[in-house]
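*Asks:* Next come the chains, spelled out residue by residue.
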Amino acid sequence: MRTQKRSLIFYAILIVILAAGVFLTANNDRWYNATIVRIDHAENSPTDRYRNGSNDRYYEQLLTGTVQNGPFQGQAASLKNEYSASGVFDETYQPGDEVFLNAVSSESGTVTGSISGLKRDKYVAALCAAFILFILFVAKRRGLLTLLSLSVNIGIFWYSLILYASGINILLLANLLLFSFTGLSLLLVSGWNRKTFAAICSTLISIAITLLLFKLVMAFTDGVDYAFMEYITSPTDLPEIFMAQIMIGGLGAVMDVAITEASAMSELISKDNEIPLRNLIQSGRDIGHDIMGTMINVMLFTYISGSIPLIILKMNSEIRLHTIILWHMPMELYRFLIGSIGILISIPVSILISLLFFRRIGRIGRIGRIRRFL
Amino acid sequence: MIIVLAAILAVLLYTVGGERGILTFLTLCWNIAVLSISIVLISWGWEPITITFLSCLLICSATLFYQNGRSGKTFAAFFSVILILIVLVLPAYLLGLNSHIQGLNELMLREDEIMGLTPNININIVKIAVSMMITGLIGAATDTAMAISSAVYEVFRNNRKLSTVELFRSGIRIGKDVLGTTVNTLYFACIGESMMMFLLFKSYHYSFWRLINSKAFFQEFTDIIFSCLACILVIPLSAAITSFILKNPGKFKRLLDEDVLFLDPKE
Chain D
1 MRTQKRSLIF YAILIVILAA GVFLTANNDR WYNATIVRID HAENSPTDRY RNGSNDRYYE
61 QLLTGTVQNG PFQGQAASLK NEYSASGVFD ETYQPGDEVF LNAVSSESGT VTGSISGLKR
121 DKYVAALCAA FILFILFVAK RRGLLTLLSL SVNIGIFWYS LILYASGINI LLLANLLLFS
181 FTGLSLLLVS GWNRKTFAAI CSTLISIAIT LLLFKLVMAF TDGVDYAFME YITSPTDLPE
241 IFMAQIMIGG LGAVMDVAIT EASAMSELIS KDNEIPLRNL IQSGRDIGHD IMGTMINVML
301 FTYISGSIPL IILKMNSEIR LHTIILWHMP MELYRFLIGS IGILISIPVS ILISLLFFRR
361 IGRIGRIGRI RRFL
Chain S
1 MIIVLAAILA VLLYTVGGER GILTFLTLCW NIAVLSISIV LISWGWEPIT ITFLSCLLIC
61 SATLFYQNGR SGKTFAAFFS VILILIVLVL PAYLLGLNSH IQGLNELMLR EDEIMGLTPN
121 ININIVKIAV SMMITGLIGA ATDTAMAISS AVYEVFRNNR KLSTVELFRS GIRIGKDVLG
181 TTVNTLYFAC IGESMMMFLL FKSYHYSFWR LINSKAFFQE FTDIIFSCLA CILVIPLSAA
241 ITSFILKNPG KFKRLLDEDV LFLDPKE
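Note that the protein sequences, when read in sequence, are chains D and S. Counted from 1, the first sequence has number 49 at position 49 by our numbering; the numbering is strictly sequential. Counted from 1, the second sequence has number 133 at position 133 by our numbering; the numbering is strictly sequential.
Note that these hints are calculated values from the structure, not bench results. Each hint should be verified, as a subset may be incorrect.
Keeping only pairs whose Cα atoms sit at most 30 angstroms apart, straight-line, the calculated DSSO-like set for lysine-lysine is [to be verified]: (1) K140(D) to K5(D); (2) K161(S) to K140(D); (3) K140(D) to K271(D); (4) K271(D) to K247(S); (5) K247(S) to K127(S); (6) K122(D) to K127(S).
Examples of chain S residues toward chain D, derived with CB under 10 angstroms [unchecked claim]: (7) A6; (8) N68; (9) I86; (10) L90; (11) P91; (12) I123; (13) N124; (14) T135; (15) S214; (16) T222; (17) F226; (18) N248; (19) G250.
Where chain D lies over chain S, by a calculated footprint (3+ residues, C-beta under 8 angstroms) [stated by the list, open to error]: (20) 26-38; (21) 95-109; (22) 231-239.
In this text, all values refer to a predicted model and were calculated from it rather than measured experimentally. No residue lacks a Cβ here, since even glycine has one placed at the ideal position from N, Cα and C.
Put together the whole structure using the sequences plus the hints.
*Replies:* Shown next, in the form of structure tokens:
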């Protein structure tokens with residue numbers, strides 16, 4: 001009864017804090033240097049212009065609003081926006097939206113400028129709050145640990161971006177990231193013990209084998225055409241960035257397999273010390289079979305879903321699906337295929353490594369046994 | 001090169017997974033086929049959310065029933081994934097509408113090839129964005145739901161005397177173990193996918209706040225966070241549904257007639 005009351009109070013406080021956070025980000029206009037305008041009224045009128053070669057008509061919007069921050073705070077703003085009916089290339093604004101302004105100028109009390117984008121931070125905050133609330137509600141202390149490892153990982157990633165901007169090689173960074181991500185997340189998930197070290201070793205070895213395989217395939221075929229990578233405009237180190245992407249992209253799934261196998265092996269051995277090697281390997285394979293199908297599915301949908309809107313646009317531009325798959329989205333396919341290969345490789349590797357760690361076969365096992373005698 | 005990698009994947013599936021590997025491979029082909037067909041249908045102007053929902057039904061049933069057999073646990077997982085989809089569609093739509101998630105983001109607009117694309121699509125693009133979010137979460141939701149329901153099923157098989165509430169509790173306990181690693185998997189897949197975007201933002205000297213407000217970041221962010229939310233919410237749902245089905249086999253006779261567990265109640 002008392003613990004129930006305490007957890008009730010805890011959730012009440014949590015909800016208040018999260019709500020306050022969301023409210024704060026919804027009203028944080030003062031933190032921004034860019035001018036923000038809240039739109040009060042929008043007037044739309046069609047023009048007689050179309051986007052070149054289509055029936056996509058342009059519309060003009062006359063927006064009036066109030067400046068929320070900066071030197072012009074409180075003044076009225078009068079803005080112009082142009083949008084097309086399809087909404088593919090531009091945006092329509094409604095009353096209540098908050099927008100950022102560029103090139104702000106003020107004439108006789110009315111502010112004008114060009115709209116550079118919508119203020120989305122409150123939606124980010126609301127989604128984060130929902131995520132934190134639900135994960136703590138469902139998983140309690142484990143949820144807290146997950147949040148902790150997630151925020152540490154995000155922090156590391158952010159810091160590595162800063163390092164990249166200061167000119168450090170991306171591949172070197174990706175290697176460092178690989179080690180720190182693996183070590184930290186696995187330690188946070190399962191603590192300072194042998195199981196964790198087995199999982200860390202098997203993750204690193206599996207990733208290394210996967211990358212080696214990828215390099216081999218690259219060497220024996222015509223390689224990757226980086227021209228179709230998304231968002232290329234300036235960087236010159238595309239092959240290295242792509243390598244870093246596939247390294248990090250499959251990491252989560254490989255870690256998942258490694259820790260599942262390691263904890264299953266240690267559980268089996270601790271339950272029955274004399275369990276025959278053959279049975280152990282069989283159980284490991286069974287567990288691997290159970291998880292591989294759905295894990296590969298996770299990779300498929302996480303990678304492919306992001307490109308759906310673009311595929312639909314391209315299909316409507318009379319590009320055939322076959323062409324799109326082979327020429328416009330090979331990067332997603334590469335990532336998906338290599339991630340899945342990583343999952344499959346990590347199954348036998350992590351069984352083997354766990355066996356080595358848990359004194360079953362090999363020299364490490366013998367040392368463990370001798371130490372027990374001493 | 002894609003073909004070589006696909007061949008390696010197939011060979012590995014067979015060597016590591018044996019018969020189950022072949023099943024997985026067939027399911028994978030089926031899922032890709034369903035996905036492609038639904039994309040074609042959407043591009044022909046069919047209602048995107050309905051199409052996505054139907055294709056999710058097909059994908060989900062293939063993944064669960066074909067890969068893992070028809071039993072109490074797969075039915076429970078199936079129901080909970082469908083419920084999650086129904087629960088999350090409305091918030092996803094409202095969010096997409098209000099936060100202008102649709103269309104091309106500011107980074108894509110800088111690319112040359114994009115400019116050649118036609119905007120003649122006559123499709124509500126907010127709905128396309130919502131279908132994207134739903135498709136993204138189906139894999140993770142199915143994975144978690146299946147893990148929970150099969151674990152509860154195992155617990156029940158070992159101890160038939162447990163009550164519905166006790167089964168539910170053990171489902172939640174297992175869910176906690178699964179959740180952390182699944183969230184990790186999603187996070188790293190997302191980082192791998194969007195690393196280029198972050199590097200580009202960095203080279204344009206975007207500040208943290210400008211990044212948060214940008215459309216490109218927001219599209220990636222909603223994609224991953226909806227997958228995570230689906231994973232979290234599916235845990236109590238599938239624990240509850242599984243324990244309910246297992247404790248009330250009479251009501252679900254038609255679903256369970258192939259289930260080994262209920263063929264001989266006096267086991």
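*Asks:* All the hints need checking, so say for each whether the structure fits it.
*Replies:* Here's how the hints hold up against the structure:
1. A distance of roughly 15 angstroms separates the Cα atoms of K140(D) and K5(D); the hinted pair therefore holds under the 30 angstroms criterion.
2. As the CA atoms of K161(S) and K140(D) are separated by approximately 27 angstroms, the hinted pair is consistent with the 30 angstroms bound.
3. The hinted pair formed by K140(D) and K271(D) meets the criterion: a straight-line CA distance of about 28 angstroms does not exceed 30 angstroms.
4. In summary, the hint linking K271(D) to K247(S) is supported, as the alpha carbons are separated by about 29 angstroms, within the 30 angstroms threshold.
5. Taking the CA atoms of K247(S) and K127(S), the gap is about 39 angstroms. The hint is violated against a cut of 30 angstroms.
6. Among the hinted pairs, K122(D) with K127(S) is consistent with the structure: their alpha-carbon atoms are about 21 angstroms apart, no more than 30 angstroms.
7. A cut of 10 angstroms between beta carbons decides the hint on A6(S): the least distance to chain D is about 6 angstroms, and the hint holds.
8. Because the smallest distance between the Cβ of N68(S) and any Cβ of chain D comes to about 8 angstroms, under 10 angstroms, the interface hint for this residue holds.
9. Annotation: interface hint on I86(S) violated; nearest CB of chain D at approximately 17 angstroms, more than 10 angstroms.
10. Because the beta carbon of L90(S) sits about 14 angstroms from the nearest beta carbon in chain D, more than 10 angstroms, this interface hint is broken.
11. Against a cut-off of 10 angstroms between C-beta atoms, the interface hint on P91(S) holds, since the closest Cβ of chain D lies about 9 angstroms away.
12. With a least beta-carbon distance of about 7 angstroms to chain D, the hint placing I123(S) at the interface is held under the 10 angstroms criterion.
13. Checking N124(S) against chain D by beta carbon gives a least distance of about 9 angstroms; that is within 10 angstroms, so the hint holds.
14. Checking T135(S) against chain D: minimum C-beta separation of about 4 angstroms stays under 10 angstroms; hint holds.
15. Using the Cβ-Cβ criterion of 10 angstroms, the hint placing S214(S) at the interface with chain D is satisfied: the shortest such distance is roughly 7 angstroms.
16. Interface hint at T222(S): satisfied, since its Cβ lies 7 angstroms from the closest Cβ of chain D, which is below the 10 angstroms cut-off.
17. With a least beta-carbon distance of about 8 angstroms to chain D, the hint placing F226(S) at the interface is held under the 10 angstroms criterion.
18. Below 10 angstroms, beta-carbon pairs count as interface contacts, and N248(S) has none with chain D, the closest being about 24 angstroms; its hint is therefore violated.
19. For G250(S), the suggested interface contact is broken, since its CB lies about 29 angstroms from the closest CB of chain D, more than 10 angstroms.
20. Here's how the segment 26-38 of chain S fares: 6 of its residues keep a CB closer than 8 angstroms to some CB of chain D, so the rule of at least three is met and the hint holds.
21. Residues of the segment 95-109 of chain S lying with their CB closer than 8 angstroms to a CB of chain D number 11, which satisfies the three-residue condition for coverage.
22. For the segment 231-239 of chain S, the stated coverage by chain D is satisfied: 4 residues place a CB nearer than 8 angstroms to a CB of that chain, which reaches the threshold of 3.
In this structure, the earlier hints numbered 5, 9, 10, 18 and 19 are contradicted, and the remaining ones agree with it.
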